[in-house]
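Each protein sequence line maps, in turn, to chains A and B.
According to our numbering, the residues represented by the first sequence are 1 to 89, in order.
According to our numbering, the residues represented by the second sequence are 1 to 572, in order.
What the hints contain is simulated information worked out from the structure, not anything from laboratory work.
Using N, Cα and C, we set each Cβ at its ideal position, and we do this for glycine too.
Do not take every clue at face value.
[Unchecked claim] Listed next, the stretches of chain B that the computed footprint assigns to chain A, with coverage defined by at least 3 CB atoms under 8 Å from CB atoms of chain A: (1) 270-283; (2) 378-391; (3) 485-496; (4) 513-519.
[Unchecked claim] Straight-line distance between alpha carbons at most 30 Å, and here's what the computed DSBU-like set of lysine-lysine pairs gives: (5) B/307 - B/542; (6) B/542 - A/56; (7) B/388 - B/54; (8) B/523 - A/56; (9) B/307 - B/459; (10) B/547 - B/523; (11) A/56 - B/307; (12) B/542 - B/488; (13) B/547 - B/488.
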Amino acid sequence: MNESHQARVQAGIRDAFRRIAPEIDLDAIDPTANLRDEADLDSVDALNLIVLLDEKLGVEIPESDYGQIATLRDMARYLEARLSDEPES
Amino acid sequence: MMSTRDRNGSVWTEARADLDGLPGGRGLNIAHEAVDRHLAGGAAERVAFRFLAKDGTRREMSFRELSEATSRFACALEALGVGAGETVFLLAGRVPELYVAALGALKARAVVCPLFSAFGPEPIQSRMAKGDARVLVTTPALYRRKVAGLREALPSLEHVLLTGSAEEGSAVGAGSDGVRSLTTLLEEAEPTYTIPDTDPEDPALLHFTSGTTGAPKGALHVHEAVVAHHATGKIALDLRPGDVFWCTADPGWVTGTSYGILSPLTNGVTSVIDEREFDAERWYRTLEEEGVTVWYTAPTAVRMLMKAGRELPRRFDLSRLRFVASVGEPLNPEAVIWSREVLGLPIHDNWWQSETGGIMIANVAGQEIRPGSMGRPLPGVEARVGRKTNGGLELVDEPDVEGELLLRKGWPSMFRTYLHEEGRYRSSFSGEWYLTGDLVRRDADGYFWFVGRSDDVIKSAGHLIGPFEVESALIEHPAVAEAAVIGKPDPVVGEVVKAFVALHPGHEPSEDLQLDILGHARKRLGSVAAPREIDILDDLPKTRSGKTLRRLLKAREMGTPEGDVSTLEKPA
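With the rest of the complex left out, here is chain B:
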């Protein structure tokens, strides 16, 4: 009989056979599977991306045009002397250049690291420093506002390539310090490029994710990940030839890369890319006007649509939609009911994280959906519930018991390391199992249900925010002596970041000071990671060893029992 492991292995072997590989058996490169291989298959003139720009204009790019543009980018990188394994950071909104740069860098075997453009200078600096940024692709405005002031702290950053016109670039310093116009570079580069031999284990993508302690971790993925990007797009998102797909996630988050860029391309379908931020009316109009057939969004966005009322969607024809999926946090039952009534379709929630590189557990097409559940493991994925013991790990077979979600090692898009932190990487495994950090339970039919995080990481609008990163920024404020940050439950975004601070002697609590600290945090961190609320306390509860008790602050905030407080330094 075939073991589970062999069965999982054969699922991925079959999925790999659905891809082409580089011509002449020269390996596997994500960009070849996403772009160049479609040129021979008669799909060259098919629309790869439909960009909806901020100014309301619409620009289509065929697979052939995308192939040429990405080849130009790869040639430009080569001309700059940027080689295999060097990191290209992307910091921009959802503009065409970002997509071209990501795929062009993959062609040149550079490592791509997309950053969210709403990050403040601090998260940008810590990620670029840790990721050994050699190249940054960004817009003139973002460069001026967020990066120009960091150049001295980022000595490895040699090339800054600016989107937009050469004039806009000059206005923010193009021409010196390695700052150049990307537009000019692309115009001067050749539109053809032969992807060099690529080992499936060559590094390809770097996604930063937050932990409870320390700086964010850089989860490194390899070119073989494309096997999972491709297969999971088919299985979990039901992508089929002729589909028009809209993933609403920003490439600054892993969803916006694996499914906002790569998976629809490898599957040869057309992607809609909306540069603008959430707006309920425009979103419905986009679904209608673009004829979206498969839509991948987030529970937070669904709840924001619900807030806009039931009258609005009636004005739009959403009949082209065939499949709707969501990711980021559990989907509440009200949202599931709303979707059936308003969209006429159920929402298929699924689960994965930066480290897994692709969807692992999902409510898939044609199977019963359990509202609130993340679904069942995809073929090729073995998921279990486990409990850490003194000796290691105990697998829980009983249904409906809470424990940590475990995945058996070996799927193609599994991260290969945390960059420069091999120890941290190793400690996220126990034997054959990857420890996800998410607490779940599994019901008797194999559906998994999210319970919470096993650590203090905050989940806001589906994104992980590390309390340590926020606390570090807060204590840089001259009045703040200590800070602790928690996730406060919120009906729309899941959790919002809430901070508690204690002041240095000589500073008195006041509304002005509170707002000053808030402004300081937003300037450093950007709106994504900055607290929405700040409470000033006399002092923060700590253990005798001096560790701040975030959990106790959270229990107080929620009015739940505080649990064992016997180790408190100062009983509250």
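The following block holds chain A by itself, in its conformation from the complex:
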């Protein structure tokens, strides 16, 4: 596991959440539970979140992969696996 990837992904997820659902305490969320339920995200929130993750981390998540990022843990794993080694400028 690439630790700097892990750290960048964590920071990216935190920043995206802070902008879309600042009331959510990510540390209090069960990482294996359905994220949209836990954080009360509606469809528009979910789409905005994906746009922000792309902006922040440079990982474009195609629609067909949404099922793979349903929980906080899955989302982090998905992003870590696809993060390029070049930091985003």
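Assemble the complex: chain A is given as a structure, and chain B must be docked to it using the hints.
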């Protein structure tokens, strides 16, 4: 010659004859028409609901099973001493218990009020308080997160019935304060129930809807509404025996009740209920795998499907689809073209609102569709364009003139009052006409075109959001002195909620504060009603009498002329 009124009346009389009524001429009950009457007709084993659960499992429920489950619920309510006319609130996702509770409560002649499960505690509390909630059916998780903290503010709420296992219920307090396991109650109740005599004018359904000012209004409907649920399902949604129908709306909104629960059942067709939220790929797969023949969705959802691209739908066989309809906001011409190309079918847009209880104006099967138009009034519905004058109301006969959409009183699913607000109810009529609050124009061929709202209510993803409710939550934030909320045009959802706030002295604008206010609003209101954007201004534009000018803020936001600003307190 028959007058228009008589003709409208006879349309509904015929539609009523298509229903059974309670045996022995004991009246008309929605749940009997939706469920029990099919038991005798040989349809008992037909699938009423096909529930697609979050975990991917699929559960079918026949009309017979639905009849037994809803009878159990009615018996359980009776055992709790809940009687006719008392309100049962529903707060849950699209789980089987929600459907059973809605229909079971109707059997017991209680009034059903479904709430959207993404509401935050504030909208839940204001609606339950105004609706005199005596019973709430909800999930353990929603109870813990959104309702447990409101119990003191809701003294009329006597019974909370929790879905899920008894253990899950115990974990959130079942066993005290009237909190019980619904599962246990249903198991202990009898599976047979005789629906008591039901007057067609007995109250049945309560739908909250937002206005520009004040708290949300509770539009109250009666059992006779089922005449319209049934007939409009046939006419506007083309429901036929053997259909598999999928209404994507949540029962927390009126569409998800009238057409997500009732109309397909009265028409004896199978409904697909998908518990999960929007996901383009899964939606296409659901259409294919469930063999959906009639699909009722929303323009926002169509635009989200369009965003997912044209490649994705090619992987699915959508050939079973026969009829597609949408509601909530005008369908843009691009969406109409997309649908013909991707689904191979046109989308039939239609129009109605909480107060009308059922579809009133529609592009119907077999008639020319005008892309962007809501269609023409259904048989039995008289719609006109009107303009308020000093003396009252002036009907506009000329085509293509903007005015308020009016409906002539008297269709069966017309709301009968705004609960506890008779004055507000009366002021939504002028003589024989119901004033819808929607601005429209009618073309020379009788097609109606939506222009906008005549008030400041925001229409986001097809749902009405009242600016006052959002503003009230915003000013509860310690830094916020004043707030004004508008609908900002958005290519996908129509309008998004945008807030402008002015701060109390001693607070400085910053990104952190902005996000803190956003988080506060989301916690109170939930994601459905909370603003997506918040701008901090030095002060908000007001009239000399102190009324905040939402329209001016909206004009600035859109870069359009601000209009007459002569009454501004402080010229901008």
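Hint by hint, here is what the structure shows:
Counting residues of the segment 270-283 of chain B whose beta-carbon sits less than 8 Å from any beta-carbon of chain A gives 6, enough to reach three: the coverage restraint holds. Only residues whose C-beta sits within less than 8 Å of a C-beta in chain A count toward coverage, and the segment 378-391 of chain B has 0 of them, not enough to reach three; the restraint is violated. Counting residues of the segment 485-496 of chain B whose CB lies closer than 8 Å to any CB of chain A gives 3, so the stated coverage by that chain holds, three being the minimum. For the segment 513-519 of chain B, the assignment as covered by chain A holds, since 4 residues bring a beta-carbon within under 8 Å of that chain's beta-carbons and 3 suffice.
For the proposed pair residue 307 of chain B and residue 542 of chain B, the alpha carbon gap of about 39 Å is over 30 Å, so the pair is violated. Between the alpha carbons of residue 542 of chain B and residue 56 of chain A the distance comes to roughly 39 Å, so the proposed pair goes past 30 Å and is violated. The straight-line distance between the Cα atoms of residue 388 of chain B and residue 54 of chain B is roughly 49 Å, outside the 30 Å bound, and the hint therefore fails. As the CA atoms of residue 523 of chain B and residue 56 of chain A are separated by approximately 25 Å, the hinted pair is consistent with the 30 Å bound.
For the proposed pair residue 307 of chain B and residue 459 of chain B, the alpha carbon gap of about 21 Å is at most 30 Å, so the pair holds. A C-alpha spacing of about 27 Å is found between residue 547 of chain B and residue 523 of chain B, which places the hinted pair at or below 30 Å, so the restraint holds. For a cut-off of 30 Å, the pair hint linking residue 56 of chain A to residue 307 of chain B stands: about 21 Å separates their Cα positions. Note on residue 542 of chain B and residue 488 of chain B: the hinted pairing holds, with a Cα-Cα distance of about 19 Å set against a maximum of 30 Å.
Using a Cα cut-off of 30 Å, the hinted pair residue 547 of chain B and residue 488 of chain B holds, with the two alpha carbons roughly 20 Å apart.
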